[in-house]
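Trainee: Turn these sequences into a full structure, and let the hints guide you.
Number of protein chains: 2
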Amino acid sequence: MAKVLLGVTMSLDGFIAGPNDEVELLHDWLFGGEHVFYRGGSSFRLDAGDVEILEEAFWMTGAGVIGRRTYDLAEEPWGDDPPFHVPCFVVTHRANEKVVKGETSFSFVTDGVESAIEEAKAAAGDKHVGIMGASITQQCINAGLLDELQIHIAPIILGKGIRLFENMDTDLIKLEKTKVIDSPRVTHIRYQVIR
Amino acid sequence: MAKVLLGVTMSLDGFIAGPNDEVELLHDWLFGGEHVFYRGGSSFRLDAGDVEILEEAFWMTGAGVIGRRTYDLAEEPWGDDPPFHVPCFVVTHRANEKVVKGETSFSFVTDGVESAIEEAKAAAGDKHVGIMGASITQQCINAGLLDELQIHIAPIILGKGIRLFENMDTDLIKLEKTKVIDSPRVTHIRYQVIR
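If you read the protein sequences in the order shown, they are chains A and B.
Under numbering that gives the first Met the number 0, the first residue of the first sequence is numbered 0, with each subsequent residue one higher.
Under numbering that gives the first Met the number 0, the first residue of the second sequence is numbered 0, with each subsequent residue one higher.
A short list of chain A residues far from chain B (calculated; beta carbon distances all over 12 Å): (1) Gly40; (2) Arg44; (3) Leu53; (4) Glu55; (5) Asp71; (6) Leu72; (7) Glu75; (8) Trp77; (9) His84; (10) His92; (11) Ala94; (12) Lys100; (13) Phe107; (14) Lys120.
Derived contacts from chain A toward chain B, CB cut-off under 7 Å, selection only: (15) Asp12; (16) Pro154; (17) Ile156; (18) Phe164; (19) Thr169; (20) Leu171; (21) Leu174; (22) Lys176; (23) Thr186.
Hints were generated in silico from the structure; no laboratory data involved.
All figures in this text were calculated on a predicted structure; none of them were measured in a lab.
Think of the CB as a built atom: it goes at the ideal place given N, C-alpha and C, for glycine as much as any other residue.
Mentor: Dropping the structure here:
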């Protein structure tokens, strides 16, 4: 059964973007290194140890679930061939025709995050569902849908911006730490949710 | 010159205590292990890899700065011989006679955190100043006084409680990651503030 995975870069103080949605400083590990890595129309510049992390993230993911706001913000930078190359499901109140860009499709789901996760699981085959964005993450945590977290901790204190963990309406969640990989520009920590 | 160091255990979602100041689940790495470690009237139970971390933390610290709220909450659990064994400075609006307990003293500073840090630096000799508590941390960050952070990330999402990083009134702060030590119950990451 497909698991629901969150992979996200977070500042030490818990932000995944600045107050105006800026991510450049957080994403230095994706674009500041020496090793060029292409995926669809996107190119990344990674440190050697991070190449495997990004490859594995793409390889594990068979479908995506994202919020409408993330989609609207990222549509332009992602360009004509976004890097996902899997079916993605956009949780929104506004119905929209399915959008296909390169090898990535975006279907618009208007009946909530649980429905989007269900569709994504069905589409993921023997791989997993990746989720993106603070709001979708919070909705998945509150609905008990999240299975694994891979947090890339960037060495920065932003002070303000979009907080990953807030609006939480859940009891505390115990995690099992399954992997820590330290890298020059970032620290990767992977956790499983204990149920 | 003495540096100002923050050493604190934080949940993955950024809390250093629960909504009623509970710290038990966060501090599993201090009390859930096999190796007994005594310091003053306190005893800790650590995993093998964490013994050195705690020893080093005590060894590096020549003076402490804490908030009045932390002091009031911790006075009872710390008992007659708190584990610090250094001069501590309590930032407060209420003047108070100096309190000596075992090898630890508490002086009450009523003219603000900068003054308390200055007194602590003078008292720290060739060691460093350790700070404790969310409010003191935020005040030190906002005043540009913090030099190093050692964050012990506990594998738990608390959802609510006392957040370490908020009320920030500073530009973004770039950090240099200097050390990562992974341990069964916690991940230790040490950063220097880049100025």
